[in-house]
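J.: Work out the full structure, taking the sequences as your base and the hints as a guide.
Line by line, the protein sequences give chains A and B. Residues in the first sequence are numbered consecutively from 1, following the numbering used here. Residues in the second sequence are numbered consecutively from 1001, following the numbering used here.
Since the hints were derived computationally from the structure, they do not count as laboratory data. All of these numbers come straight from a predicted model, not from anything done at the bench. Even for Gly, the Cβ is constructed at its ideal location relative to N, Cα and C. One should not assume that every hint holds.
Stated by the list, open to error - These stretches of chain B come out as covered by chain A in the derived footprint (C-beta under 8 Å, 3 or more residues):
(1) 1011-1018
(2) 1038-1051
(3) 1067-1081
Stated by the list, open to error - Here are the simulated DSBU-like pairs of lysine-lysine, each with C-alpha atoms no more than 35 Å apart in a straight line:
(4) B:1041 x A:23
(5) B:1092 x B:1041
(6) B:1095 x A:23
(7) B:1095 x B:1041
(8) B:1066 x B:1041
(9) B:1092 x A:23
Said to hold, decoys possible - Listed next, with one range per pair, are the computed distances between beta-carbon atoms:
(10) B:1075 x A:79: 23 to 31 Å
(11) A:16 x B:1099: 45 to 53 Å
(12) A:60 x B:1098: 36 to 44 Å
(13) A:2 x B:1094: 39 to 47 Å
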Amino acid sequence: MIYNGVALFLLLTVIAGMVRIIKGPTVADRMMAAQLFGTCGLAILLVLARGMDMPELIDIALAFSLLATLATMTFVRRTWYKGDDDEHS
Amino acid sequence: MNIHESAGLFFIAAAMVFFLSGTVGLLRFPDIYTRLHALTKADNVGLGLLILGLSLQAPDWLTVAKLILIWLLVLLASSTSCHLVARRALQKDIKPWALK
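T.: Dropping the structure here:
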């Protein structure tokens, strides 16, 4: 019960972080909100693994832990080039 | 409720404070560098405290090893991506907030 409440709280912080996706102003700010989803989603998985007594969720979290960073790396290397102007997008 | 359970709950509650401050920092800080600071530090301390709390309650050592491995991977990954984003932002001439 406590653990479900903790997971709900983490979900609420993720939803609050979505405001940064709407406000921007640069693309990187939006990408950082995605990184926040990665960390908070990982924490939610770990808490639910304890709360719902499903230890296999820890294995999923182990695979999940690098996905958000792969997304950020791909974004920096492939999308967010030096020249293009994205301040207003 | 034994001592491990309650100590674990204490650390999980402390982790919630750090997660909350990370999100508030992401929403309230003025520019991209300070937001990176809030995101990649506060959230990882929060995750570390959460993993400490869950490790105290874990049934066996394999679970503890997996949890600590997750934390180390996240530390490595988030510091790498923080440096990448900050360096690319500097290359794109986004001025830090204090220098404006």
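J.: Decide, hint by hint, whether the structure agrees.
T.: Outcome of the hint check:
1. 1011-1018: With 3 residues close enough to chain A, the hint holds.
2. 1038-1051: n = 8 at 8 Å, threshold three: holds.
3. 1067-1081: holds (count 9)
4. B:1041 x A:23: holds, 22 Å
5. B:1092 x B:1041: holds, 23 Å
6. B:1095 x A:23: It holds: about 19 Å lies between the C-alpha atoms, which stays within 35 Å.
7. B:1095 x B:1041: OK: residue 1095 (chain B) and residue 1041 (chain B) at ~21 Å, within 35 Å.
8. B:1066 x B:1041: Satisfied, since the Cα-Cα distance of roughly 21 Å is no more than 35 Å.
9. B:1092 x A:23: Holds - the C-alpha atoms of residue 23 (chain A) and residue 1092 (chain B) are around 20 Å apart, at most 35 Å.
10. B:1075 x A:79: 23 to 31 Å: holds, 25 Å
11. A:16 x B:1099: 45 to 53 Å: violated, 29 Å
12. A:60 x B:1098: 36 to 44 Å: Between residue 60 (chain A) and residue 1098 (chain B), where Cβ atoms are some 41 Å apart, the hint holds.
13. A:2 x B:1094: 39 to 47 Å: holds, 42 Å
The structure does not agree with numbered hint 11 stated previously, though it agrees with all others.
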